[in-house]
Structures are given as C-alpha cells and as structure tokens.
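K.L.:
Single-letter residue listing:
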Amino acid sequence: MLWSRRSVFLGIVLGGPVLLAAALRLAVELYSRGFIRINGATVSGSGIFGLMIWLLYIRFIVPILGVFFGTSLIADEVDDKTITYLFTRPIPRGAVLLGKYLAYVVCTVLLVLPSVILVFFLIVPIGDSSVASAFPFLVTDLAMLALGLVGYGAIFAFVGTRLKRPLIIGLVFAFGWEPLVLLFPGYLKRLTVAYYLQALVKHEMPQDSAVSVLLQLFHEVPSVPASLLGLAVIVGLALWGAGRAVENREYVLEQ
Amino acid sequence: MTTRTRYFVIVSLLVMSVGLGSGMVAYYVGFPAGAFQGRGGPAELEYVPRDAVVLAYADVRDVMSSDLRQRLRSAIPMREDGQRELEERIGINIETDIQRVVACLYRETSTRPGGMVLARGIFNEAKIEGLMREHGAHVEDYKTKRLIVAEENHGVPGEFALAFVEPGLVALGSAGVVRTSIDLHQAGNNPQAGIESVTGNEELMNLVRSLETGNAWAVGRFDALSSHARLPEPVASQIPAITWFSVSTHVNGGIRGVVRAETRDDEAANNLRDVVRGFLALGKLQAGSRPEIQAVMQSLELGGTGRTVALTFDVPLQVFDVIHGLMKNGLPKPPAH
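Line order of the protein sequences matches chains B and L. Numbering-wise (the numbering used here), the first sequence opens with residue 1 and increments by one. Numbering-wise (the numbering used here), the second sequence opens with residue 1 and increments by one.
Simulated from the structure, these hints should not be mistaken for laboratory data. Any given hint might turn out to be false.
Have a look at the derived ranges for each label pair, beta carbon to beta carbon [unchecked claim]: (1) L:T243 <-> B:L26: 31 to 37 angstroms; (2) B:L229 <-> L:S299: 49 to 55 angstroms; (3) B:P185 <-> L:N124: 30 to 36 angstroms.
Taking beta-carbon pairs under 8 angstroms as the criterion, some of the chain B residues facing chain L (in silico) [as the list claims (entries may be wrong)]: (4) L110; (5) I117; (6) F135.
Reference listing, derived: stretches of chain L covered by chain B, where coverage requires no fewer than 3 residues with Cβ under 8 angstroms from a Cβ of chain B [to be verified]: (7) 3-16; (8) 22-28.
Ideal Cβ placement from N, Cα and C applies to all residues, glycine included.
Let's have the full structure, built from the sequences with the hints guiding it.
P.N.:
What follows is the structure, encoded as structure tokens:
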C-alpha cells in the first residue's frame, strides 16, 4: 500500500504543506522581521496554521487520502489479480478487509500527523503566537485528523467494495456531494463525514471565498459527543457494509 | 515488513514523538521568549518607533485574573480612581477591554516628547471617540486613520492622541509618537525612508530576548528612567553607573521575577552588588522573628556576573495574606529590651 504507484502523488500532497510552511517561514524571517501582514493587519502564526488545517488538511488532504487509499483496498488486489491468494486463506473475507483497513489507518496516520506537526512548528512561531499556547490546538487537530482518516477510509472502503468505478464515485462524493450539501440548510448534511468532522475543529473557519461565507452562514455545529457518535455510526455502518459486500460478492478477474 | 517500510515507521514515530514531546514541554514548562522566535517580544513592537528608551509589556488579562490580584482585591479594597477616570475620559475599561499592553517611553525632545501605550483588546471605537470629543478633543485624518487629538492631557501641555492602528489595537500617547506608529503600520519597517520600528534597535531587542517568561516586563535605559523619576541630586549621585535595566515578573499565585541591571563597567557592578547586599542584610536584620518577612527576604537572591547584577525574588501568595492580616490587626509591637 505504502509503496504503490500512488506514492509520488502522496509525497506531493503531504510534502506540499511542509514545503509551503518552510518557504513562508523563511520569507517571513528574511523579509518581514517575523511578521505577516494581510491588508495592514498583523496575522499570527496560529491563525495561519488554523487556515492551513482548514484549507489543506480538512478540505483536501484527508478526503483525498481516504478516496485514493480507501477505494483501493480491494480494487488493487483485483487489478493485480492477487485477490485469489487472500480469499483462499482460511479466514473470513471480512477479516481480510478489516486488516487492510487497519493497515490503511496506520499508514495514513503515520503520514499525515508528522506532516501536521512539522507545519505547526514551522508556522506557529511566526508573529506573536507561542508554541505553548497553541499546543492544545495541535493535539485536538491531530486527533480530529486521525478521526477524519478513519471516517473517510471506512466510507471509501465501502464504496471500493460495493461499486464499480469507485475512484470517480469517491471523488464526486468527497469534492462534489459533501461541499454542496454543507452549503444548504437541512438534514442532508448529516449524511456527510465533513459535517461531524468540522464540528471538532477548534480553528475559526476561513472566509476566503463566497462559498466559505455561505458555509459559515449555514454552519451548524453539532456537539462533540454527537459528532463522535455520528462518526462512530458512519464507520461502523460503512465497515459492516464493506464486509458484507466482500463476503457476498464474486470477484471476476479479467484475463 | 520491508526495510524501507520499517524506516518510514521509525521516522514517522520519531517526528511525532519529538514534536509532541517538545510541545508538551513548552506547554507545561514554557520556553524562554525567543526560543522559537528570532525577533522576540510581542507583535505590537512592530509599531513602536525605534528610538524608544524604555519598553514595557503586560498581559493585562493574565494579571487581572491572577490569584494574587483576586486575593488582594478581596482583602484590600483598592482605590481605583485612575482606572475609573480613564474609563470616564476615554471609555476604556482596563479590566474588561484590554488583553495586553505594550508601552514605550522616549527621551523628551521638542519633536517627540513622552511616550505611547499600544493596547490590544476589544474596544468600542464610537464610544471612545464620542467621550474624547466631549472632553474637548478633535478628530483629524492622518494617513487614512482617524486620529483623536486632545491639546492637553491632565493639564500637561502637549498633544495627546489616540488612534486605532488596526482592528483591536489602540495607540494612545504623545501625538508625535502615535503618528510615527501609524507611519510604521502603513509603510512597514523601512529604515531607508527613516521609518524604523524598535525591532531594529538591537540593544533593546537583545534585552527583550534575554527576558525569562513572564506576564509583565520592562526594559530600558536607566538614565531615561531616572530622569523621568526626577530623583534628588544627592540620591542620583549615589546610584552606581547603571546603563540598562530589565525587570521580568510572573504574577499568578504570588509574584516571582528577576530584576537585572547592566552597569558601565565591572567596578560599578561590584559597587552595585555591595549596595544591594547591604540592603539585603539590613532587611534580614529587620525581619527578625517575623516569619512572613523572613520568607520574602529568603526568596531574594543576588546574582549576575561581570557588568550584570541580577536580583531574583519569589513572593508566595501566603505572604500577602500575612501582610493583609497585619494591616487589619495592626503591626505587632517590637519586643521590649
């Protein structure tokens, strides 16, 4: 999984924020004496870190890792024609899927969290923010991102085992359905991972575009226990559905 | 597990452990100012003109909500006339409106007398402007900012001005300094154009960077301070030649901190140490059998090397309780000889 063809893409996706943070820090130290000004107002390092968590990690990196790795848990084995070896083992097919899902969680957590930690230590000392005062936010962010990877991974594992063309459907779900539904008032947003995940974010939602302003306007925030329960239900249902699909589906390998 | 997967896991776990470990140390112990920051000091220093001779900072919210302040407030009813007067005259409540302040002092010259306070917090701009106008101030535009100018402050001649440099940041003080602060905000730090902030003043910034963590501090040139204090000539002449001073305190459950002085040469430092040592000995002698004073005296520690003289202190909250008790019941009579 870790050293698949997606590794290059993965490196760019996760190395990007670190490089961006390093370049920003360098520029700030060299040219602006430790401060960043936007429209004349000084912006703190923790503010920029919050912005990066929202725009890069929550809205892009976590869903995209979920889509690419979650949908490929079984699909890769089918493509490589190695699924027969797994399914002929004397263990339930659902256990194979669960094992691969846990491997996905460990791999993505070990990839994403160090990247966030590096960004934190590069960005937060900018301006007058202090590492000490922002540290509780980092811990919350790490836990929230890990939960996001768990949630999206389960959803896309289900999509990967149940549907044809899982990658396209996954991308439409993550970058079409979820942002769209969150824009409107109503109950549909409860059928998204982002709704529960965004309630766990402690940073202020950025107002970078008209869409963000609309998002903030209809930003319903469920309580933390309700969000955790919502995510647990989504993960449980998605993994149960994926397990059932793997148990019952007959995979035909193309010759 | 392949070798490169093993390396990947080790590197990932290493980054996470070091990152979280450092963060926890910073959170529980605290890093000295500048441990992660090359420039040091609060962001507001960007708007303080370069030639400041004294800089001070206070985390007002931290100090106001400290156990010490709450205990003192309930024990000793304080006269807060100054605080009330400030609220009546300019509509700023120190207790609720201000989060932190940075203050600076300048040498008195014809072009730039006095100083300035930069306060960050939540302010009602319309109320402040209205109150100041009621007290005779007028409003003028200065580089797109509204500058509220009063011709005299508490009977002291000279322009006093107030301006909102950016949302949530108010500058108040001598009009010339406030104008320069607005220049710094508009043009940024631009030494070529003659506009430079105090962050370019290496002598002062080195002192700021050397401070221990604390929620209130002050650094500056001692001669500027003594000239503002207008000490009598006989007293001033007895003080050894001090060039720079710094005070850093942490107010919470008591007060702990350090006072540092940098003298002109080693001899002056030794003289100053002797003077302080003499005062400490006198204090310990006076403390006698009073444990509350003894605790304070024992917390005082003289240190420093070369031209630096440092005095650290740690006054626990209990000492203030004892002092309050003494004030309430009257001082005990010294034993009869």
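K.L.:
Each hint needs a verdict: does it hold in this structure or not?
P.N.:
Outcome of the hint check:
no.	hint	result
1	L:T243 <-> B:L26: 31 to 37 angstroms	35 angstroms, holds
2	B:L229 <-> L:S299: 49 to 55 angstroms	52 angstroms, holds
3	B:P185 <-> L:N124: 30 to 36 angstroms	33 angstroms, holds
4	L110	4 angstroms, holds
5	I117	3 angstroms, holds
6	F135	4 angstroms, holds
7	3-16	holds (count 9)
8	22-28	holds (count 5)
Going through the hint list in order, the structure satisfies each hint without exception.
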